[in-house]
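Visitor: Using the sequences plus the hints, can you model the full thing?
Residue numbers (my numbering), protein chains in the order written: chain X, 2 to 274; chain B, 7 to 330; chain V, 2 to 344.
Calculated directly from the structure, the hints in this document are not laboratory data.
Just to be clear, a hint being listed does not mean it is correct.
[As the list claims (entries may be wrong)] Restraint-style ranges between C-beta atoms, simulated for each label pair:
id: 1; chain 1: V; residue 1: Val144; chain 2: B; residue 2: His69; range: 41 to 51 Å
id: 2; chain 1: B; residue 1: Asp313; chain 2: V; residue 2: Leu239; range: 18 to 28 Å
id: 3; chain 1: X; residue 1: Arg104; chain 2: V; residue 2: Leu193; range: 29 to 39 Å
id: 4; chain 1: V; residue 1: Phe135; chain 2: B; residue 2: Arg129; range: 28 to 38 Å
id: 5; chain 1: V; residue 1: Pro118; chain 2: B; residue 2: Ala38; range: 48 to 58 Å
id: 6; chain 1: B; residue 1: Glu26; chain 2: V; residue 2: Phe135; range: 23 to 33 Å
id: 7; chain 1: B; residue 1: Gly277; chain 2: X; residue 2: Phe204; range: 21 to 31 Å
id: 8; chain 1: X; residue 1: Asn198; chain 2: B; residue 2: Glu284; range: 36 to 46 Å
id: 9; chain 1: B; residue 1: Gly93; chain 2: X; residue 2: Ser70; range: 48 to 58 Å
Glycine included, every Cβ here is placed at the ideal spot set by N, Cα and C.
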Amino acid sequence: MDSILELQRVTAGYKSIKGFKSLIKRVEIVLRDISFTVEKGERVAIIGESGSGKTTILRVILGLLKPISGKVLIYGKDLYSLPSDQKLQILRRIGYVPQDPYRSLNPVLKIKYIVGEPLEAVGVEWRHIEERASEVLKIVGLPQSIINDTAEELSGGMRQRVLIARAIIAEPEILVLDEPTSALDVSIQAQIINLLNSIYNTFKVTMITVTHDLGVAQYLADRLIILKSGKIVEEGSVDEVLRNPKSEYTKSLITSYLQITGINSLNNIKIRG
Amino acid sequence: MVLAVRAGGISIGYIDEEEEYIVWAVRGVDLAIEEGDAFCLVGESGSGKTTFASAIAGILPPHAVTRGKLYIFDRLAIDESTWNFNGLRGRVVSYIPQNPGTSLSPFLTVEDHFYYVLRDTLRYDREKSRKAAMEALLKVGLDRGVLEDYPHELSGGMQQRVLIAIALASNAKIIVADEPTSAIDANLRASVLQLLGRLNREYRVTLLLVTHDLASTSIVCNRLAVMLAGKIVETGRTISVLRNPQHPYTKMLLDCVPLLGVKKPLKPLPGEPIQVVEDKAICPFRERCPRAIDKCVEEPPLKPVGDEENHYVKCWRLTGVESG
Amino acid sequence: MPVSLNYIFKRIILSILVVIGVIVFSYILLLYTPGDPAVKWAGNPRGPEARKAIEMARRELGLDQPIHVQIAQFIYHVFTGNLGLSIAYKVPVSQVITSGFTATLELLVFAYLLAVPLGLWLGIYSALRRGSRFDSFIQSLSVVLASMPTFWLGAIIALISYSTTGFLPYGRVSYKLAASTGFNPITGFYLLDALIQGNYAVFLDALLRIIPPALAISVYPIGVVARVSRTLVAEALLEDYVRTAVAWGVRRNTIIKHFVLKSIIPPVIQISGLAFVYSIVDAMVVESLVFGREGLGSILLDSLHKADFRVTIALAIYLTIFYILVNTIVDIIQASIDPRVKI
Ligand SMILES: Nc1ncnc2c1ncn2[C@@H]1O[C@H](COP(=O)(O)OP(=O)(O)OP(=O)(O)O)[C@@H](O)[C@H]1O
Ligand SMILES: Nc1ncnc2c1ncn2[C@@H]1O[C@H](COP(=O)(O)OP(=O)(O)OP(=O)(O)O)[C@@H](O)[C@H]1O
Ligand SMILES: [Mg+2]
Ligand SMILES: [Mg+2]
Chain X
2 MDSILELQRV TAGYKSIKGF KSLIKRVEIV LRDISFTVEK GERVAIIGES
52 GSGKTTILRV ILGLLKPISG KVLIYGKDLY SLPSDQKLQI LRRIGYVPQD
102 PYRSLNPVLK IKYIVGEPLE AVGVEWRHIE ERASEVLKIV GLPQSIINDT
152 AEELSGGMRQ RVLIARAIIA EPEILVLDEP TSALDVSIQA QIINLLNSIY
202 NTFKVTMITV THDLGVAQYL ADRLIILKSG KIVEEGSVDE VLRNPKSEYT
252 KSLITSYLQI TGINSLNNIK IRG
Chain B
7 MVLAVRAGGI SIGYIDEEEE YIVWAVRGVD LAIEEGDAFC LVGESGSGKT
57 TFASAIAGIL PPHAVTRGKL YIFDRLAIDE STWNFNGLRG RVVSYIPQNP
107 GTSLSPFLTV EDHFYYVLRD TLRYDREKSR KAAMEALLKV GLDRGVLEDY
157 PHELSGGMQQ RVLIAIALAS NAKIIVADEP TSAIDANLRA SVLQLLGRLN
207 REYRVTLLLV THDLASTSIV CNRLAVMLAG KIVETGRTIS VLRNPQHPYT
257 KMLLDCVPLL GVKKPLKPLP GEPIQVVEDK AICPFRERCP RAIDKCVEEP
307 PLKPVGDEEN HYVKCWRLTG VESG
Chain V
2 MPVSLNYIFK RIILSILVVI GVIVFSYILL LYTPGDPAVK WAGNPRGPEA
52 RKAIEMARRE LGLDQPIHVQ IAQFIYHVFT GNLGLSIAYK VPVSQVITSG
102 FTATLELLVF AYLLAVPLGL WLGIYSALRR GSRFDSFIQS LSVVLASMPT
152 FWLGAIIALI SYSTTGFLPY GRVSYKLAAS TGFNPITGFY LLDALIQGNY
202 AVFLDALLRI IPPALAISVY PIGVVARVSR TLVAEALLED YVRTAVAWGV
252 RRNTIIKHFV LKSIIPPVIQ ISGLAFVYSI VDAMVVESLV FGREGLGSIL
302 LDSLHKADFR VTIALAIYLT IFYILVNTIV DIIQASIDPR VKI
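Guide: Take a look at the structure:
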């Protein structure tokens, strides 16, 4: 099997300056010794509580945050030791859907510029970009008519589709999604889940999804990586992890989840009435 | 029986920027929340949940217009187009806002947020507010370290818990929580919901929980209302609405909820939520409803369901009109 | 304070580099404008002493040296404030400039201490009463005032002052009074000096004379700050965090003081900084042409009249340095107020 992405003992963090200590910089470690591999064509979900460093992992993968130690290998190449043009070349093969569809879209840009941006960055001619933009809009199920509108008027679900369209326009081989559904309501969430899976099936991408929702992960991934306080506590296929969780954290996660959704997994769980 | 919140035919709209039209977000809602109730408002995005919640919290924006009446503990807070929330905000009603990312001032530390709120509502001094803050933060699973943090230094989930902690600290009698768990994981979600449930049961805090997450309603709330395009289409005891949903919309909403360990295909609702500009009396689900009939161009009344106590639904199909 | 020393250090180094660039540029300008720079630097001397003066200027400028040495020397001279004697006043150029500078700076700072808080207050007040009569009055007034030339406004103020009180605000202080009370300026900021020496008569006199020109100068920043802060406050009031604070029962005053004001201060400081450097020219015109105060304006006019080339060049260089300094300080203050800016 080809490994497409590999993190080797990555430790990463942010420079933190707080209060009167502001004059001395120190680094707050967020990720500790993270290693995992993603094979070509896999669907992996990174699960973790809020603040556990999920978004930070993505920043590291996307070349935005240099780890303090450890390596990020994409297609076998060490991302952070590549010269910048080669680094860009590699990063272009990754499509990214950021965390918050309400805040990640420039409200004054026309949709075609937003969606076409990844192609524009590599110098594709506008004629082709527009064509391609309307193609991907069709794929994500948005009407052609919005191509000249701005994002301001769009609903959350439509915004998320625009972001997905942008992520896939340059035909990436890896699709990275940060909480793709957590800002959306359940019915739109279901639409987006179905859309992402149809994209996965048609384009055979490798999909890395960050989510805090086990239920969503179950639909968007085959393998789970469970994160707690910046460390990986469990890793395995969805079935394996759900049926036979090993870490205490995963167990409590599943119990809590069942507790919350109790009513739906039929009438066996205590409900207030 | 004391009513904590009573809405009498309340409609809330937003005047559009060019002042050409009004978007009606809430339309003629009648609702009574008893003291000690844990009331849940569910519905899709844009259905008017936040609008209704912010009316109770007393923070409708200046370009909002209202009709009808809203009482909070028998105080007339909204009377047609006049609003009076003096003395209610923070003391009687507290609020957990929807967007954790933008609801804390970027220029104040978490501690300052607590201090200004508690000083102005409960007349606490720095020390007392710090103590209360630590207690409240502990309840939502944060440690005192975050007190010195600025909001941007916290993750989304941490910000959300800070918001919850502040709302709890002021000991209000009603807590309006707008999607309080949207940014946190299952573990925390369960504990936050349990915390809200406990406040409700042990301290008789009246709870209005706004969410689109039908699943999370069951462990906290005893009553539930389903909102669609500004109208309440189904309401009743949580258990009876979830076990025995009547309105086609409620049924379809339940089909979208992912279940752990059961991999059923998800069936999204067809179509996009609509904005209501013309407040016409038609069934709000008509265009998207697979079971719509001719009669649905008229607005159905809210009718009781069978023998279930307090379970009402707004649908012609369930009131004997079968075809048309 | 979220700004590291590192950032401040970087900013200062950067400003110094820009200043050096400016100095080099002026020097090259000096070399390549028509005419012998030594003659110009000596102030186009005539008569028997001319040759000697030109020789001296040539040596002073090091025109016999290679160009990079010349430039290095010139930079050194600028930084040590050693730009020779003023041709017109026969005192060191640095002294001429410093005295002018303190005079104008006193006026400007006085005007801005008046203008920024007042503008801020007006802006906040009208934002809180948007659409009210007060608001629309302030709005239209600020448009009218901002479109009046400052020197004209100054003249009107001087006129009003003269016709109502019989007092013509002319000069910085009455020299008779200063001499008779033994006033002895140390810092060159007369108000400050008078206060330090406990000389209240001079203080009052200087105050009466500084108020009219300061009023004229402050009109522009009042308008700018009022407009900007009105918009900023109106926007801030719609922020989620303000609405949330309202819902939590935070009082109106607290909201304005701690939630709204904090968010508008950084941009207001920035705008004030920009307005400040813009007002320098205003101040130079008004103080010299209308109110007969000495300051940078009178020095510039004098130096042009008397072909005091050294002073003109030095003035240009030091003004540029001052611009850069103000901008740097404003940036540093702004960055240190906003906790989100981590540098
Ligand atoms: N730009 C930043 N500067 C400093 N610290 C940061 C920054 N971004 C995140 N952090 C810190 O890093 C930790 C992990 O944050 P991260 O955003 O990766 O969490 P997350 O798992 O994505 O959480 P969430 O589910 O809430 O989005 C948190 O403690 C947060 O406070
Ligand atoms: N401040 C506002 N100004 C103008 N229109 C608004 C405003 N807030 C909401 N609306 C409109 O009112 C309608 C109801 O919005 P509301 O925010 O109450 O819905 P919601 O049910 O809370 O949705 P969500 O689940 O997305 O939070 C929408 O059509 C929305 O566009
Ligand atoms: Mg995140
Ligand atoms: Mg909402």
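Visitor: What are the numbers of the hints the structure violates, in ascending order?
Guide: Of the numbered hints given earlier, those the structure breaks are 1, 2, 3, listed in rising order.
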